[in-house]
Amino acid sequence: MADTMATRDAYGKALVELGEKYDFVVLDADLAAATKTCNFKKAFPDRFFDCGIAEGNMMSVAAGIAATGQLVFASSFAMFAAGRAFEQVRNSIGYPHLNVKIGATHAGITVGEDGATHQCNEDIALMRTIPGMTVICPADAVSARAAVEAAILHNGPVYMRFGRAPVPIIYGDNYKFELGKGTVLADGKDVTVVATGITVFMALQAREKLVAEGIDAAVIDISTIKPIDEELLVKYAKKTGKIVTCEEHSVIGGLGGAVSEVLSEKCPTKIKRVGINDTYGSSGKAFEVAAHYGISAEHIYNAVKGIV
Amino acid sequence: MESNRKTELQRIATNVRLGIIEAVYNAASGHPGGSLSIADVLTYLYFEEMNIDPKNPKMENRDRFVLSKGHTSPALYATLANRGFFPVEDLKTFRKLGSYLQGHPDMKGVPGVDMSAGSLGLGISSACGMALSAKYNKKDYRVYAAIGDGESEEGQVWEAAMFAAHYKLDNLCVVLDYNGLQIDGPVAEVIGPAPFDSKFEAFGWNVIKINAHDFDEIEAAFKAARECKGKPTLILANSVKGKGVSYMENKCEWHGAAPKTDLYEVAVNDLNAILDSLN
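Residue numbers (this note's numbering), protein chains in the order written: chain P, 1 to 308; chain F, 309 to 587.
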């Protein structure tokens with residue numbers, strides 16, 4: 001595999017790079033060293049404000065800043081950004097549709113050693129129920145960097161989901177991130193694997209094995225979970241007739257839920273969901289614990305074999 | 309304060325109270341008690357203290373106000389209407405389907421509302437954000453907020469208190485409407501958040517105690533808040549829940565109930581009697 005980088009690192013680098021180009025401030029809740037907003041703090045100390053360990057306050061503060069016309073990022077772990085501060089995100093930011101960009105890192109089970117209390121497998125479900133909220137879950141460092149700029153250029157609240165663990169870089173220089181559009185990474189006619197975030201590279205690995213066995217699997221990266229690319233999903237549902245979704249998130253309410261919602265109404269299709277099966281995680285090394293709870297290239301391969 | 313001016317403010321505040329009763333009565337729903345207790349403070353803010361323009365509600369360098377105790381929106385709406393932001397007649401549409409006068413303030417729909425708020429504890433944080441943004445952008449506008457005594461049981465109020473003091477938000481002035489009553493009973497009996505003065509002082513705030521219904525004291529407090537540098541100001545405003553309506557005063561049950569026709573008429577008569585006494 002190619003080089004690796006955690007999407008949180010790409011987020012931290014993007015803030016510094018884009019900080020030269022756009023006027024925004026950054027808030028964090030005592031996790032700057034982990035969310036990587038520490039890079040921005042170092043580069044632009046006057047534009048960084050630590051809110052301390054008070055995520056609810058931070059989100060409502062961000063809303064107040066945005067209400068004055070100032071673009072603002074607010075960062076914490078997904079567990080606290082989407083979980084602890086759900087109501088502040090919903091009522092202070094979402095309801096008035098304020099221009100706040102939420103950079104949530106340490107999403108999903110690959111938080112690893114910290115264990116279940118910090119492994120947020122519910123944030124996509126929480127955030128995508130908020131009217132007007134854009135939800136982005138990039139697959140690699142290249143996509144993450146591009147997503148941050150797309151979020152800046154979008155007027156309205158955006159939730160960006162980043163991971164702690166390094167993942168392979170799958171995109172090259174010609175990659176273009178388009179808000180609300182999926183990316184077809186590999187075409188196919190037998191089945192479509194619809195992936196998001198760190199499961200995209202796993203889907204590509206699974207595909208190699210499937211192709212070797214004569215199963216022609218398409219792979220789609222859904223980097224914007226809301227608004228989701230309905231057109232592309234319907235196209236591939238029609239084309240391949242079978243869908244496997246995969247995500248580092250609960251199978252309830254995340255990508256699998258979103259794809260099922262779209263296709264059950266627009267193009268009923270046989271779907272198998274790969275993700276966390278309605279349970280809490282536990283401590284362990286990032287990809288060991290992910291595999292233990294059902295998220296790996298092998299699990300995707302098996303899901304495809306079970307459906308084709 | 310010069311006596312004619314004081315009488316004029318009392319007259320406006322009484323009209324604001326009539327607007328509150330009109331809104332809640334027509335909605336058959338809403339929160340009159342805490343609206344009536346904050347009416348004098350809001351009247352002073354919008355008619356004396358704040359740099360605002362009803363013809364240009366989004367004026368860039370305007371002073372901002374956040375009604376963190378957003379359930380008392382009738383007081384804010386009645387004040388804005390009397391100040392000319394929108395017709396007083398529209399108060400009758402409060403809480404009705406299709407009205408822009410939502411149960412809790414909606415900044416997208418109401419001219420003059422600077423921040424959506426009302427889920428308790430959230431608004432004071434947003435006011436902190438506005439004040440921080442003013443400092444960051446080197447703007448000289450001030451930010452005001454009103455919170456409730458019951459609201460101060462929310463942990464977020466104290467997160468915001470910490471934040472405002474840490475960032476030395478001396479352009480922020482928060483009024484705590486200390487009427488002593490919340491839905492379940494006297495604040496002191498429900499969970500007892502007092503004392504507010506020493507708590508806010510310990511959090512690093514400048515605290516000023518006033519009678520919330522005395523315009524001389526209200527004026528002095530907002531002046532002192534402007535002069536205080538390096539820390540945010542809390543005006544601890546001792547108020548009477550239901551102020552101005554005889555049967556509502558100091559009665560917990562009028563926190564969130566609307567009067568029926570007979571009691572609506574009593575309320576209007578009470579307030580008209582106050583207006584008559586001011587002439």
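Because the hints were derived from the structure by calculation, they are not lab data.
The structure displayed is predicted, hence computed values, not measured ones.
Ideal placement from N, C-alpha and C gives every residue a C-beta, glycine not left out.
One thing to keep in mind: the hints can contain errors.
The calculated label-pair distances, taken between Cβ atoms and stated as ranges, are [what the hints assert, rightly or not]:
#, chain 1, residue 1, chain 2, residue 2, range
1, P, 23, F, 512, 55 to 61 Å
2, P, 17, F, 474, 42 to 48 Å
3, P, 268, F, 392, 28 to 34 Å
4, P, 3, F, 445, 38 to 44 Å
5, F, 362, P, 149, 37 to 43 Å
6, P, 209, F, 445, 41 to 47 Å
7, F, 445, P, 172, 38 to 44 Å
8, P, 46, F, 584, 53 to 59 Å
Under the rule of at most 20 Å between Cα atoms (straight-line distance), these lysine to any residue pairs were calculated in the SDA-like manner [said to hold, decoys possible]:
#, chain 1, residue 1, chain 2, residue 2
9, F, 416, P, 170
10, F, 416, P, 69
11, P, 209, P, 170
12, P, 13, P, 209
13, P, 21, F, 416
14, P, 41, F, 366
15, F, 447, P, 242
16, F, 366, F, 312
17, P, 242, P, 279
Tested hints:
1. For residue 23/P paired with residue 512/F, a C-beta distance near 30 Å fails the hint of 55 to 61 Å.
2. Between residue 17/P and residue 474/F the CB atoms are about 29 Å apart, so this pair departs from the stated range of 42 to 48 Å.
3. At roughly 57 Å, the beta-carbon separation of residue 268/P and residue 392/F lies outside the given 28 to 34 Å, and the hint is violated.
4. The hinted range of 38 to 44 Å is satisfied by residue 3/P and residue 445/F, whose Cβ atoms lie roughly 40 Å apart.
5. For residue 362/F and residue 149/P, the Cβ-Cβ distance of about 39 Å falls inside the hinted range of 37 to 43 Å, so the restraint holds.
6. Taking 41 to 47 Å as the suggested C-beta distance range, the pair residue 209/P and residue 445/F does not conform, at roughly 55 Å.
7. A C-beta distance of roughly 39 Å is found between residue 445/F and residue 172/P, which places it inside the suggested range of 38 to 44 Å.
8. For residue 46/P paired with residue 584/F, a C-beta distance near 57 Å keeps the hint of 53 to 59 Å intact.
9. Between residue 416/F and residue 170/P the alpha-carbon distance is near 42 Å, which puts this suggested pair outside the 20 Å criterion.
10. Simply put, residue 416/F and residue 69/P have alpha-carbon atoms about 14 Å apart, close enough for the 20 Å limit, and the pair holds.
11. A distance of roughly 18 Å separates the Cα atoms of residue 209/P and residue 170/P; the hinted pair therefore holds under the 20 Å criterion.
12. For the hint linking residue 13/P to residue 209/P, the alpha-carbon distance of about 34 Å lies beyond 20 Å, and the restraint is violated.
13. In summary, the hint linking residue 21/P to residue 416/F is not supported, as the alpha carbons are separated by about 29 Å, beyond the 20 Å threshold.
14. Between residue 41/P and residue 366/F the alpha-carbon distance is near 32 Å, which puts this suggested pair outside the 20 Å criterion.
15. Note on residue 447/F and residue 242/P: the hinted pairing is violated, with a Cα-Cα distance of about 58 Å set against a maximum of 20 Å.
16. Note on residue 366/F and residue 312/F: the hinted pairing is violated, with a Cα-Cα distance of about 31 Å set against a maximum of 20 Å.
17. Proximity of residue 242/P to residue 279/P is assessed by CA-CA distance (about 26 Å); at most 20 Å being required, the pair is judged violated.
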